[in-house]
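> Please build the complex by placing chain B on the supplied structure of chain S, with the hints as guidance.
Sequence order for the protein chains is S and B. So the first sequence is residues 580 to 695, counted in the numbering used here. So the second sequence is residues 90 to 201, counted in the numbering used here.
No wet-lab data here; the hints were simulated from the structure. Take the hints with a grain of salt, since some may be wrong.
[Unchecked claim] Here are some of the chain S residues that sit facing chain B, going by a computed Cβ distance under 8 Å:
{"#": "1", "residue": "609"}
{"#": "2", "residue": "612"}
{"#": "3", "residue": "614"}
{"#": "4", "residue": "619"}
{"#": "5", "residue": "622"}
{"#": "6", "residue": "626"}
{"#": "7", "residue": "627"}
{"#": "8", "residue": "638"}
{"#": "9", "residue": "642"}
{"#": "10", "residue": "670"}
{"#": "11", "residue": "676"}
{"#": "12", "residue": "682"}
{"#": "13", "residue": "683"}
{"#": "14", "residue": "685"}
{"#": "15", "residue": "690"}
[Claimed, not checked] Quick list of the computed label-pair ranges, beta carbon to beta carbon:
{"#": "16", "chain 1": "B", "residue 1": "177", "chain 2": "S", "residue 2": "663", "range": "19 to 29 Å"}
{"#": "17", "chain 1": "S", "residue 1": "631", "chain 2": "B", "residue 2": "117", "range": "21 to 31 Å"}
{"#": "18", "chain 1": "B", "residue 1": "164", "chain 2": "S", "residue 2": "635", "range": "38 to 48 Å"}
{"#": "19", "chain 1": "B", "residue 1": "106", "chain 2": "S", "residue 2": "635", "range": "34 to 44 Å"}
{"#": "20", "chain 1": "S", "residue 1": "639", "chain 2": "B", "residue 2": "158", "range": "40 to 50 Å"}
{"#": "21", "chain 1": "S", "residue 1": "591", "chain 2": "B", "residue 2": "142", "range": "40 to 50 Å"}
{"#": "22", "chain 1": "S", "residue 1": "651", "chain 2": "B", "residue 2": "99", "range": "34 to 44 Å"}
{"#": "23", "chain 1": "B", "residue 1": "169", "chain 2": "S", "residue 2": "650", "range": "27 to 37 Å"}
{"#": "24", "chain 1": "S", "residue 1": "650", "chain 2": "B", "residue 2": "158", "range": "42 to 52 Å"}
[As the list claims (entries may be wrong)] Which chain S residues stay away from chain B? Per the calculated CB distances, all over 12 Å, these:
{"#": "25", "residue": "621"}
{"#": "26", "residue": "623"}
{"#": "27", "residue": "647"}
{"#": "28", "residue": "650"}
Model, not experiment: these values are computed from the prediction. Ideal Cβ placement from N, Cα and C applies to all residues, glycine included.
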Amino acid sequence: AQTVTQSQPEMSVQEAETVTLSCTYDTSESDYYLFWYKQPPSRQMILVIRQEAYKQQNATENRFSVNFQKAAKSFSLKISDSQLGDAAMYFCAYRSPNSGNTPLVFGKGTRLSVIA
Amino acid sequence: NAGVTQTPKFQVLKTGQSMTLQCAQDMNHEYMSWYRQDPGMGLRLIHYSVGAGITDQGEVPNGYNVSRSTTEDFPLRLLSAAPSQTSVYFCASSRTEHTEAFFGQGTRLTVV
Chain S
580 AQTVTQSQPE MSVQEAETVT LSCTYDTSES DYYLFWYKQP PSRQMILVIR
630 QEAYKQQNAT ENRFSVNFQK AAKSFSLKIS DSQLGDAAMY FCAYRSPNSG
680 NTPLVFGKGT RLSVIA
Chain B
90 NAGVTQTPKF QVLKTGQSMT LQCAQDMNHE YMSWYRQDPG MGLRLIHYSV
140 GAGITDQGEV PNGYNVSRST TEDFPLRLLS AAPSQTSVYF CASSRTEHTE
190 AFFGQGTRLT VV
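Just chain B, same shape as in the assembly:
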């Protein structure tokens, strides 16, 4: 069972570069979300989606874009990477708004 798959696991970017973090789930979950984890800050919501074609901003959306063209995929785009975006990024999905979230293994991103 694949669950939630994130790629890549590690990435180093130069300031100003753009890239896309991939997230795919094979559980037919409607709800997907992106979090970033920084030391001492817990997990903070970047963007989320309640279904294909629907996305919304979370707590820390600036500098990130998302789209949800299919139920399975929810990519996160960094438009112009900044050192402040150095973090660990998690993608999560859940079947409904009442159920627990399943997480990918995370992407450690370093912006130099």
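If we strip away everything but chain S, and leave its shape as in the complex, we get:
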């Protein structure tokens, strides 16, 4: 079974600075999908970014980008020019393309604080 590990329970960053959240995963599959979700205090789960494993190019969405290292099974999220609204829980998630089994496997999350 696939597992997702987020080794940083909490992180903090100064406003306007850059922060990187770590995520590693364990799988024997060669093709899969990886996601970062943001959960602000409102509790809503919001998709931040998506990466397909067969694509070598790292995904980017405005100030959010990933460093996808397939061989190392690492999928870190970089937030540039951090803003107060970025303060939230961030969850890394894995999805197998062969679902009929587990839809999404989540890490335990990283709580990000942004300091003004």
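Structure of chain B alone, referenced to chain S:
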């Protein structure tokens, strides 16, 4: 656009009571699932469905039932509530097994 709608947003139950958490999506998604979120545990899969009439168990199914009679609805039933079921529950849907999941706003359930 409604997306995924969960009701209720908050609920308090007494031990032994039963109830149903409602989940509906208007995106014609085949895949739907229920997760529970507990502090320090992330989101854990309870049950999921790959289409109407098809359901399967996830990581933590005990104490919960589901059914999927239509594409739109995927209710979660607590048969006999226990304090260990105090949690935040999320319903999610996705168009295919390759795409991202869209989440409802969650239900905070307290069992006393």
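> Kindly confirm whether 40 to 50 Å is satisfied by the beta carbon distance between residue 591 (chain S) and residue 142 (chain B).
Taking Cβ atoms as reference, residue 591 (chain S) and residue 142 (chain B) lie about 48 Å apart, which means the hint holds.
> Was the hint right that residue 619 (chain S) lines chain B, CB cutoff 8 Å?
12 Å, violated
> Could you check the hint for me, namely that residue 650 (chain S) and residue 158 (chain B) are 42 to 52 Å apart, CB to CB?
45 Å, holds
> Given a hint of 40 to 50 Å, does the C-beta separation of residue 639 (chain S) and residue 158 (chain B) actually sit inside it?
41 Å, holds
> Holds or violated: 27 to 37 Å for the Cβ distance of residue 169 (chain B) and residue 650 (chain S)?
48 Å, violated
> Should the hint that residue 627 (chain S) touches chain B count as held when the rule is a Cβ pair under 8 Å?
Since the shortest Cβ distance to chain B is 10 Å, the answer is violated.
> Would the hint on residue 642 (chain S) stand, with a C-beta cut-off of 8 Å toward chain B?
19 Å, violated
> Starting from the hint 34 to 44 Å, judge whether the C-beta atoms of residue 651 (chain S) and residue 99 (chain B) obey it.
42 Å, holds
> Once the shortest beta carbon distance from residue 612 (chain S) to chain B is found, is it less than 8 Å?
6 Å, holds
> Evaluate the condition: distance from the CB of residue 650 (chain S) to the nearest CB of chain B exceeds 12 Å.
22 Å, holds
> Does the nearest C-beta of chain B fall within a distance shorter than 8 Å of the C-beta of residue 683 (chain S)?
Holds, because the Cβ-Cβ distance from residue 683 (chain S) to chain B comes to roughly 6 Å (cut-off 8 Å).
> Would you check whether residue 626 (chain S) satisfies its interface hint, that is, whether its CB is within less than 8 Å of any CB in chain B?
Holds. Min distance 5 Å.
Violated hints, listed in ascending order, are 1, 4, 7, 8, 9, 15, 19, 23, 25, 26; each of the other numbered hints is respected by the structure.
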